[in-house]
Structure formats: C-alpha cells, structure tokens
Amino acid sequence: MTMKGKQLHFAVLLTGLLALSWPALATDGAPPAPEFRLANRAGGEMSLSGLRGQVVMINFWASWCGPCRQEFPALDEMYRKYKPMGFAMVGINVESEKADAERFLGARPVSFPILFDPDNHVSGSYGVSAMPTTVLVDRKGHIRWQHRAYKPGDEAEYIAQIRAMLREPS
Amino acid sequence: MIPSRALFAALALLAFSGCSHVEPWVKPYEREKLADPIMAWDRDPVASSYILHVYESREGARGAAGGAGGGCGCN
Amino acid sequence: MQLTRTIRSIAITLAAGWLFCPAPSIAGVLPEDRADLMYHYYDGGGVQIDGPSVLVRKKFKEKYAVNASYYVDMVSSASIDVITTASPYKEERTQYGLGFEYLRGKVTYAASFSNSKENDYDADTASFSISQDMFGDLTTVQLFFSRGKDDVTRRGDDVFSEKVDRHIYGIDVSQIVSKKLILGASWETIAEEGFLNNPYRQVRYVDAVPLGYSYEPERYPHTRTGNALALRARYYLPYRAALQGDYRWYNDTWGIDANTLEIAYTQPIGDRLMFDVHFRYYMQGGADFYSDLYPRANSQNFLARDKELATMDSQTLGFGLGYEFKVPRVEFIQKASVNLKYDFMRFNYDDFRDLRPTGYAPGTEPLYSFDANVIRLFFSGWF
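Residue numbers (this note's numbering), protein chains in the order written: chain X, 1 to 170; chain F, 1 to 75; chain V, 1 to 383.
Hints were generated in silico from the structure; no laboratory data involved. Hints are not guaranteed to be accurate.
Said to hold, decoys possible - Lysine to any residue pairs mimicking SDA-like chemistry, simulated, CA-CA at most 20 Å apart: (1) V:K180 - F:S49; (2) F:K27 - V:Y235; (3) V:K335 - X:P31; (4) V:K58 - V:W382.
As the list claims (entries may be wrong) - Sample of chain X residues lacking proximity to chain V, with all beta carbon distances greater than 10 Å (derived): (5) G53; (6) P109; (7) P113; (8) H121; (9) P152; (10) E155; (11) A156.
Please read all numbers here as calculations on a predicted model, not as lab measurements. Every residue gets a Cβ at the ideal spot worked out from N, C-alpha and C, and that includes glycine.
Based on the sequences and whatever the hints tell you, model everything.
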C-alpha cells in the first residue's frame with residue numbers, strides 16, 4: 001500500500017472508532033417515574049404515588065459516597081425553602097445495612113425524609129448509573145431531569161429546574 | 001507476536017471507549033464494600049513509600065508497586 | 001529500542017484519545033485532603049537510619065490537587081561493606097517532592113518532581129502519569145513515565161564526577177471483578193545509563209598475600225534495563241476485613257531474576273482500631289558478573305561484590321496498629337489517626353561471605369545473613 005493509501009486507511013479506521021465510541025445522546029421525552037414504596041426512617045412507609053401533585057426530587061445516596069455527603073447540606077436547604085410551595089424530597093439510601101447511614105445521619109441530620117432501598121430494586125428501576133443520582137419528577141409524575149454525579153455548584157441548576165416545575169399546573 | 005498496528009488500533013479503541021457508556025456488572029450503588037477504606041490498595045502512602053524504599057535499597061529488583069483504581073467510583 | 005518506541009507511541013495514542021474525548025458531565029473523585037507526619041527507623045546489619053517524613057495533599061474545586069513531601073535519612077553506618085573495606089560514617093540525605101494533579105471527567109493528569117541530596121549523590125526526578133476510569137468505573141488504567149538524572153561524586157575526591165540517566169515507563173491496570181474483589185496488574189520497565197556502581201565499593205580476588213585475597217574497585221556495565229510484572233488481588237471478607245495477595249516477577253540485563261510474594265491482612269477492631277499483618281518473601285538470582293571472590297585481579301570485564309546483586313532471599317513479617325480519633329475543639333481536622341508499624345526482616349545470602357570472622361581460607365568464610373528492625377510511627381490528619 002502506498003503512503004497516501006496507508007494514511008487514508010488509518011484516517012478511516014480512526015473515524016470509525018470515533019463514531020463507534022461517541023457518547024449516546026440523551027433520549028428525550030418525559031417517561032413516567034417508576035412507582036416505589038419504601039420504609040421511611042421516621043417510621044412507616046412512603047410511596048411515590050402519595051406525592052403526586054408535588055414536584056419531587058429523589059436523591060440516591062450512600063454514607064460511603066463522598067460527593068453524596070457533600071451534597072446533603074445543599075439539598076436540605078433546598079427542601080426547607082421550597083417545601084411550602086409544593087416541593088417534596090426523598091433521600092433513598094442504597095446501602096444493604098442501615099448502621100452506617102444511621103451513624104452518618106446521627107452526626108449530620110437532615111430535615112427531608114430518608115427511605116431505605118436495601119435490595120436496590122428502586123435503584124435498578126431508575127437505572128442509577130452514578131453515585132449520587134438526583135432525579136426530578138414533575139407534578140404529573142414524569143421524570144424531567146436526571147442528574148448523575150455531584151460537584152459543588154450543581155445545586156444552582158437543580159434550583160432553576162425546581163422553580164420552573166413549581167410554576168407548572170398539577 | 002501481535003502486529004503493532006492491530007495493538008495500536010485496539011488501544012485507540014480502549015482510549016476512545018472511555019467516552020462511551022458501558023453497563024457495569026457491579027452497579028455504582030453496589031460499591032459499598034469496595035468503597036470501604038480497608039479495601040484501598042494504599043491506605044497510608046507515606047508509610048508504604050518508605051517500606052518500598054527499604055526494600056529497593058537492599059534488593060536488586062525494583063518497580064511495579066502499582067495501585068490506582070477501586071474505591072467508591074463516585075461522580 | 002523497539003520496545004521503548006512502541007510504548008511511547010501507545011502512550012501518545014492514549015493521551016490523544018483522552019484529550020480528544022469531550023469531558024462528560026460525569027467525573028471521578030480526587031483523594032481526600034490529608035497531612036501525614038512520620039518518624040521512620042531502621043536498624044539492621046550494622047546500619048541505623050532514622051528521620052522524619054512529611055506528606056501533605058490538598059485539592060481545590062474538586063479539580064486540582066497539590067501534594068508536597070519532605071523526607072530525611074540520617075545514616076549511621078557500620079555495615080559489613082564499610083567494616084571490611086572502610087570506616088564507619090555518618091551522613092544525611094534529604095529529599096523534597098512536589099506534585100500536581102488535574103481531574104477532567106474520568107481522567108486524572110499528574111506531574112511530580114523530586115530532588116534527593118546527600119554529600120556525594122544528587123538525584124532529580126520528574127514523573128508524569130495519566131489515569132482513566134472506564135467501563136462503568138470498574139477498570140482503571142494508568143500510564144506513567146519518569147525521567148531521572150543523578151550526579152555522582154566521591155567524598156575526598158574533588159575531580160570525580162559522574163552521571164546517571166534513568167527512564168521509567170509503566171502501565172497499571174485495576175479491575176473490579178465483583179462487589180468484594182478487585183484485581184490489579186502492573187508492568188514497569190526501568191532503563192538506566194551511566195555510572196551505576198558505587199565509587200567506594202571494592203571486589204576481592206585471590207592473591208598471594210597473608211590475608212589470601214586483595215581488593216580492587218568494582219566495575220559495572222554502563223547500562224541496565226529491568227522489567228517488572230506484578231499481579232495483585234484484594235478481597236473483602238464478610239466480617240469486615242481485607243486480604244491481599246501480591247506476586248512480582250523481575251528480571252534485568254544484568255542477569256538478576258527475582259520473585260516476590262506477599263500476603264497482607266487488614267482487620268478493623270471496633271470503630272477506632274485498625275490492625276494489619278503482612279508477610280513478604282523475596283528471592284533473587286544474582287547478577288551474571290557478580291562474585292564473592294574472583295580468581296585473580298581484573299579477571300572479567302565487569303566485577304561486582306555488592307550483596308544487593310548477590311543470590312539471596314529475604315523474609316519480612318510486619319504488624320501495624322492504628323487508632324482513629326477526633327481532635328477535640330479543632331473543627332478544621334475532620335478526623336485523625338496515630339499508627340505504629342513494626343517490621344522484622346531477615347536477609348540470607350547464598351554467595352556473599354562474612355569476612356569479619358578470622359581463620360577461614362578465602363572462599364570458605366561463613367555465608368552472611370542479618371536481621372533488621374523497621375519502625376514507622378506516624379500521625380495522619382484529614383481536613
């Protein structure tokens with residue numbers, strides 16, 4: 001093969017590899033949020049259908065996850081501020097045993113409900129692919145935003161989305 | 001011996017594949033035990049680098065101490 | 001060398017791939033901020049070395065991290081080499097290090113620099129690495145490259161001045177296999193060129209003198225290339241403990257073949273205590289040109305009687321205990337720990353003889369062996 005031929009061959013190979021590996025674009029549409037019913041740390045159970053009509057933020061977290069712990073104070077502040085306007089938040093703990101989560105919350109309590117998903121069925125149904133994952137569900141029960149991972153400053157984006165959804169009718 | 005161009009292409013694919021999403025068999029929410037500090041390869045770098053230095057200054061072999069990866073896989 | 005060129009082109013391809021890939025919204029995490037202050041102590045084979053070791057690391061905006069280190073060896077040496085061919089001495093070696101990390105998406109770029117100085121040896125090292133999490137964060141691949149330049153001088157000799165040039169290439173792969181098991185593999189190639197021996201050390205040869213042998217300076221090749229391959233596994237035991245196994249194979253162009261096997265066990269006790277125990281076994285076949293006693297003066301191109309290049313084995317048994325606590329009234333420090341590690345080492349030589357006892361014909365002296373005690377006492381603080 002000639003030098004030019006080799007270069008062309010290589011360019012085609014590289015373009016092919018690039019096309020193959022390009023990140024999949026986010027699918028649009030607002031799918032219904034999968035229903036769940038989980039044990040509540042404060043007692044009893046809580047279900048998603050029970051929160052229909054409110055804007056719901058579902059935060060999947062674990063005590064062993066650094067960014068999850070970092071995110072909590074910001075989530076707590078968001079909950080206190082927007083709760084009177086029809087905003088609900090649940091922190092779903094994904095650990096298989098409660099002890100570490102209880103110890104963490106004992107030292108740093110939050111005001112929003114904490115639910116336990118020890119078998120990870122709910123994590124699976126929501127396709128949790130990063131820790132933490134924050135899902136925003138509108139008043140009609142559809143998933144509108146799914147945030148994977150957390151960096152300080154991301155809460156500004158959550159707040160903008162929450163405010164937009166709070167203005168929508170139920 | 002693997003031809004170098006095939007190796008080159010395989011590694012390029014490996015490099016670019018970091019961009020794409022692959023379904024892991026250990027989900028991010030299942031990494032509880034792996035995120036435990038006792039599962040870190042190197043819990044105390046100041047202590048491990050010293051003992052490695054003790055070995056390397058008295059033995060003929062060097063290298064391949066290694067140890068990135070594991071952990072919580074967060075973010 | 002062909003291998004070097006191949007590794008270099010692989011590294012450039014991967015680096016280009018990493019840089020070209022758009023930074024996704026998902027990112028990795030940099031290690032926590034911490035400071036460590038350690039006192040290290042070694043006593044074995046007539047040598048005592050102790051001193052401080054300090055390491056501090058801090059991250060900014062979850063994207064950048066800086067680390068700095070300071071290390072001193074205060075050496076008091078009356079080792080077997082020194083006793084038989086020289087006189088006991090004291091010296092000090094100081095090492096400074098500075099490193100930077102940049103996290104972009106799933107890739108961490110790192111650069112670090114260090115300088116080590118003692119009265120007859122000055123070493124500068126620059127290292128670079130790229131590390132990426134991939135395949136759902138189950139795999140981590142790291143490529144690293146290091147360049148070292150050493151200046152060798154000789155005490156009491158103003159004219160003597162030599163250099164060493166060092167290139168190190170390596171790849172490290174970490175793979176999560178299950179919720180409880182992680183595997184790792186590393187490959188490293190170390191290529192050195194220059195004055196690779198010790199300006200004071202001598203070899204001995206059979207000679208018609210009352211002692212039966214005489215000394216001449218050692219003479220090493222000007223290059224040395226070594227390869228190491230290590231495999232490791234770490235497993236989480238159900239009652240909350242960890243077990244690790246390591247194996248490393250090494251060989252180089254001087255004919256040294258070595259195998260290392262290590263097992264380590266970590267057991268937390270309650271909320272605050274951490275117990276470690278490990279056992280390491282090392283064995284090496286000596287360098288091709290090594291001999292404890294040469295038949296006559298200048299008998300080979302290369303001459304070595306450094307016990308580090310002999311056929312030898314060593315065993316290490318170590319214990320560690322750590323205690324974690326919260327510093328009262330200091331909110332800035334999130335948690336702290338105090339740790340003590342003790343290691344007992346034994347070195348056995350198959351072809352290096354102990355020349356201190358008298359009354360032996362040359363070449364029949366007892367084989368040398370020695371024990372060493374190593375202590376590490378350190379405080380760590382996370383902030």
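Q.
Let me make sure I understand: some of the numbered hints might not hold for this structure. Which ones are they, in numerical order?
A. Of the numbered hints, 1, 3 and 9 do not hold.
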